[in-house]
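There are 2 protein chains.
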Amino acid sequence: MPPTRTTIADVANRSGVSIATVSRVLNGTAPVDTDTAKRVRSAITALNYVPHAAARTLASHRTDTIGLLLPEISGAFFQPMLRGVEAGVSEAGFDLLIHTTQARPENAPRRPLGEHNTDGLLVFTESLDAKELTRLYSIGFPVVLLHQAPPNSLKIPVVTIENQSGAQAIVEHLIKTHHCRRIVFLQGPEGHEDSTWREKGYHLALDAYGISFDPSLILRGNFDRDIARASVEHLLADRVKFDAVFTGDDESAIGVLLALRQAGRRVPEEIAIVGFDDSLFANTLLPPLTTVRAPTEQVGKEAVRQLVRIIQGEKVESRLVLSTELTIRQSCGCQG
Amino acid sequence: MPPTRTTIADVANRSGVSIATVSRVLNGTAPVDTDTAKRVRSAITALNYVPHAAARTLASHRTDTIGLLLPEISGAFFQPMLRGVEAGVSEAGFDLLIHTTQARPENAPRRPLGEHNTDGLLVFTESLDAKELTRLYSIGFPVVLLHQAPPNSLKIPVVTIENQSGAQAIVEHLIKTHHCRRIVFLQGPEGHEDSTWREKGYHLALDAYGISFDPSLILRGNFDRDIARASVEHLLADRVKFDAVFTGDDESAIGVLLALRQAGRRVPEEIAIVGFDDSLFANTLLPPLTTVRAPTEQVGKEAVRQLVRIIQGEKVESRLVLSTELTIRQSCGCQG
DNA sequence: CTATACTATGTAAGCGCTTTCAGAAAACGC
DNA sequence: GCGTTTTCTGAAAGCGCTTACATAGTATAG
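The listed protein sequences correspond, in order, to chains A and B. Under numbering that gives the first Met the number 0, residues 0 to 335 are what the first sequence spells out, in order. Under numbering that gives the first Met the number 0, residues 0 to 335 are what the second sequence spells out, in order.
Nothing false has been slipped in among the hints.
Which copy is meant is left open, because identical chains are indistinguishable; a pair holds if it fits in one copy or across any two.
With a straight-line Cα cutoff of 20 Å, these simulated SDA-like cross-link-like pairs (lysine to any residue) come out: (1) Lys-130 with Asn-47; (2) Lys-37 with Gly-27; (3) Lys-130 with Thr-44; (4) Lys-130 with Leu-46; (5) Lys-130 with Val-49.
The set of hints was computed from the structure by calculation and includes no laboratory data.
Let the hints inform the model, and build the full structure from the sequences given.
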């Protein structure tokens, strides 16, 4: 820190007004004489003055900051999410404070994000426990949930996507267009809501076409390339027959693709593969991946919008579901 | 905000001490009687007390926050970078404030990140102009530059990677092992330092093997999939002969791959492709991409470490260059 | 047993702002 | 013109903390 930082008092002195007036010019909270305002503004420029965020927060009870809580910052899925959130946040003139929860020690000394340093929180699946969520709800702190229903049926707004119908559509495509009958499904991480809904969509599709469900075709993929690969390798080793894999997400599709390529199975001729999310790399795989387009970036952006509205005291709908869209490429057997 | 937030005074009352003592327990800044400390701590727990960040900042002149300034938050390149930064930041017990500079209006009302809201700044290539950088330097504000030399030979610490030798190594691999002679190079964005160094490495490799430089083999790829693709399509249309492409980064390699595939040129049999960065998707391309491994995540982590050291008043070396490593896969013509 | 040094705690002065409250000056109504 | 509203401005009270500074009690030394 420099010996003496430029404060609002310096600006006030230089322009011959009180600090209250400077504050008014800064925030436009009360009418100020045009000339006075001009003098103040030029003093601000001349002194290179920037208001001290903490002082402002302390006095005004606003942080102008939105907190984002998610399991990890990396991963193909979080990228567009983050981009959307960033866009929304900067559009609304807020700052963004990010915390990841993965592998964070239990004995974390203080709550990283909350009413003490943000105006509101965006909480992604599983990154905050029900207890804390309940506490925040009870004190009326603005929170928006992403891809996750509120616990204990609290009325916390949610932004998510149409998982079930999207999944159903893509599985039905496999059945109807490509005559697949033995379709493997790779589950996401334990308790992952998106995955649960996608699995329901999978079942609905089978039911719709009268295909009986075979539990041995349900594997764990954990939305992880390597785990998905291992699961499929097991399946192949066990000589289980299947003609398609719905990988639950796109990341897993890479693992499946690698496993099948290794085993000499041709995709999509022998086995079709379809994913979910339409991650950035989906169209660079070979063959390009047929998947369900999830508007992840919009989810982020919309969630911020909802949150900002809540912060500003407006009411918002409690559940916003963005629609997904079947995106046909070639890994299902269609011709590009 | 709840009507009355829990403050340090509440904790003090409940445990029968002054707020100064509570503060001491909280920060460990002075010896406190064991029993007193215990009483205070249990009051903190009982009241669910969390210190107010802004008040703390205002009083202590520390924000415990590190600012990250980069052009965009998305993009395969920034992902590992971000991950490294996040890891470093949370390891050091700081918060992370992120700002992107791309497409931000010129009339941004206030300087987004600086001495008023962070303890130090991580600045990625081109995301802060020389004037502001100079100002920050002049007031002694902690800054670490990423992949970018300081302007006006200011002594601002830098963390970057060995671009030149990495590039030289991979081009020499093409020449020596695969007997390529007409190697295309795709430049990154105008003035991008990494790209400039990589281009130098390219030239050194040619020189080392006495291959004369052909300017028509230098194209602009802008580290962008689509631009790279268009450039190569032009080259093909112009019937320029070439037997390899060094794409400058990995993202461009996708575009090149698509262009060549479209044109029916086989990779790597007819034309070898090599990249730089070893992005996550590099080994999922077909053929898997031979590239130069850039330790981007470490760059992020190390940069935070340097920055924290500076914030704590220690001295650091002014330039940290992490080494790169040739990563051979199959797109150069080698057998996996 | 007095001088000296800690140890443990409280008091109070800010940190740099926002925001009431109040008052002066200017504009307006009739 | 005189009362009334409106516009503009300043004084001052905090916001919730940290941190000198001061003080009382308790060891330690000689």
